[in-house]
Amino acid sequence: MKQFVAVLKNGLSLENPLTVLMIGLCSTLAVSAKFEGSLFMGIAVIFVLVMSNVLISAVRKFTPDEVRIPIFIVIIAAFVTIVDLVLKGYFPSVYSFLGVWIPLIVVNCIVLGRAEAFAYHNGVMLSIADGIGMGLGYTLIIAGLGAFRELFGSGSLVFLGNTLVSFGPAYRGPNILLLFPGAFLLFGFIVAGSRALNRRLTARKEAM
Amino acid sequence: MHVVTQLALLLIGAALVNNILLTRFIALCSFFGISDNMHTAIGMSLAVIFVMMLASTATWIAYYGMLVPLGVGEFLYIPAFILVIAALVQFVEMYLRKYSPALYRAMGIYLPLITTNCAVLAAATEAVKPGFFKMNMAYGFTLGENLIYTLGVAVGYGFALLCFTALRERLDIAPVPNVLKGTPMAFIAAALLSIGYIGLGSLFGL
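Chains as they are written, first to last, in the numbering used here: chain A, 1 to 208; chain B, 1001 to 1206.
Hints in this document: simulated from the structure, not taken from any laboratory.
Keep in mind that a hint or two might mislead.
Claimed, not checked - With a straight-line Cα cutoff of 30 Å, these simulated DSS-like cross-link-like pairs (lysine-lysine) come out: (1) B:Lys1129 / A:Lys9; (2) A:Lys88 / B:Lys1181; (3) B:Lys1181 / A:Lys205; (4) A:Lys2 / A:Lys88; (5) A:Lys2 / A:Lys205; (6) A:Lys61 / A:Lys9; (7) A:Lys61 / A:Lys205.
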């Protein structure tokens, strides 16, 4: 149990896929223009990550080493197809916003990377923890970025048609936040911030 | 619209206006991963152009020749495309190693990386499915349009990658605040470069 929590925590801070490992960047920057879309993207990635981790870890003893990558990709592609069809059926507006990013979860380095680096070598329970931790670490950054960009860029936060927060019609946000350079710029500062934070965390760990 | 004009617009639209790296954020991993060295950036760009053209022709044929007639295009396209791309890259690698060692030395190490390069899958998917590609043209390209479109995407990728690599080489010797050194600064530089691409946004009213 202790190990479960430790693995889970790792994904959130010290091994955060986005800010530390720097993988899975493309989707983060692209879909974070809107809070709603980025939250759904995060949930989709958590689902695919956990399910594919479980399945890959469960079949790892019968998986021949030479063909493991194609096997991983097919397993991941199956779960991505599930997400693709579910979103298309139940959340058509989100689906049209995310567009090509849903099929691109297949080649999202986070999912394949965790399959190769973690699920292939660890048991099912730990792989679930790793999937949740990594997925949450991804979702946290992407949804945070999405909320910030939408709120300060357009002045209001909309979720499935309901306005959550609004600065009123007089607010004129910096337009650049909604455009693509804003994503690069903000993410650069997020990386710098999380690097400073991690440096402090590691220093504290060493001091103990 | 005249056919040639339309194809030219498709090419420019794919290469500059909807640049795959800087305005649509596809394939950023490789963008930041290999842009610290001009030599590798050139190798990667050429490899991407080559593989992308091959891959999207193969997936187009697989989609319209096999998946659609069998009625499974809707829910099998993701696994089918990724398998076609992975297998194709593997074959190209084997072929080059056997018959063209010089080309293999130049491109070889980038080939496996390209399998997981989102740009290839994205271009293949967009040729047959509605995606991010925002131009007022119908989806479902013909094979010829598909080739022109993919060429545009791949050349746009190479051009943006080389621009950014040149920028980063200058950035290495620039005085940068300590906390921003390395990747954070690279992101900020990418932001400035992509502001430049906004200017291309209204080109020809595309």
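Consistency of the hints with the structure:
1. B:Lys1129 / A:Lys9: violated (38 Å)
2. A:Lys88 / B:Lys1181: Between Lys88 (chain A) and Lys1181 (chain B) the Cα gap is close to 42 Å, so the pair fails against 30 Å, i.e. violated.
3. B:Lys1181 / A:Lys205: Holds, at about 24 Å.
4. A:Lys2 / A:Lys88: violated (39 Å)
5. A:Lys2 / A:Lys205: Given pair Lys2 (chain A), Lys205 (chain A) holds - Cα atoms ~17 Å apart, limit 30 Å.
6. A:Lys61 / A:Lys9: Given that 30 Å is the threshold and the Cα spacing comes to 27 Å, the pair holds.
7. A:Lys61 / A:Lys205: violated (35 Å)
Comparing the model with each numbered hint stated earlier shows that hints 1, 2, 4, 7 do not hold.
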